[in-house]
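Working from the sequences, and respecting the hints, build out all of it.
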Amino acid sequence: MVHLYQEKRSLDSDQIDLLAQLKAEDAQHDIQFKTLSWQKATVLLFGEYIGLAVLALPWSFAMLGWGVGITVHVVIGLGTWCTSNLTKRLS
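For the sequence shown, the tail end lands on 233 under our numbering, and the numbers increase by one without skipping.
Calculated directly from the structure, the hints in this document are not laboratory data.
Glycine included, C-beta positions come from ideal geometry on N, C-alpha and C.
The reader is advised that the hints may include incorrect statements.
Quick list of the computed label-pair ranges, beta carbon to beta carbon [as the list claims (entries may be wrong)]:
1) Ile173 / Cys224: 41 to 47 angstroms
2) Lys230 / Phe188: 18 to 24 angstroms
3) His215 / Gln170: 15 to 21 angstroms
4) Thr222 / Asp159: 52 to 58 angstroms
5) His171 / Val210: 50 to 56 angstroms
6) Thr222 / Gln157: 25 to 31 angstroms
7) Ser233 / Asp159: 45 to 51 angstroms
Right under this line is the structure:
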């Protein structure tokens, strides 16, 4: 496999035959790689981020307590809001 950052070199016929053989063999497997579209990847990442937040919220309150937990979450929320506004203004 040629990586994007490597020099492009010409392949000889043996290498081309080997790549064709590997591609044909890979098509017969049950698990197919590189079949995920960007829309499906977006949904999966969004679900992962929401899932992590849902699981992290009770844990953070259990570790910090109610007072400090609410304060930390409000401060982080304000920091996120300020960052998004700054990014919006600069773009």
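Should the hint that His171 and Val210 are 50 to 56 angstroms apart at their CB atoms be regarded as holding?
Distance hint for His171, Val210 holds at roughly 51 angstroms.
Note whether the CB distance of Ile173 and Cys224 lies within 41 to 47 angstroms or breaks it.
Check passed, 44 angstroms falls within 41 to 47 angstroms.
For Thr222 and Gln157, compare the CB-CB distance with the range 25 to 31 angstroms and indicate the outcome.
violated, 50 angstroms
Looking only at beta-carbon atoms, does the pair Thr222, Asp159 fall within the given range of 52 to 58 angstroms?
Hint holds: Cβ distance 54 angstroms, inside 52 to 58 angstroms.
Do the Cβ positions of His215 and Gln170 conform to the proposed distance bound of 15 to 21 angstroms?
violated, 51 angstroms
Given a hinted range of 45 to 51 angstroms, is it respected by the beta-carbon distance of Ser233 and Asp159?
Once the Cβ atoms are compared, 49 angstroms apart, the range 45 to 51 angstroms for Asp159 and Ser233 holds.
Could you say whether the range 18 to 24 angstroms given as a hint is met by the Cβ separation of Lys230 and Phe188?
holds, 20 angstroms
Checked against the numbered hints above, the structure breaks hints 3 and 6 and satisfies the rest.
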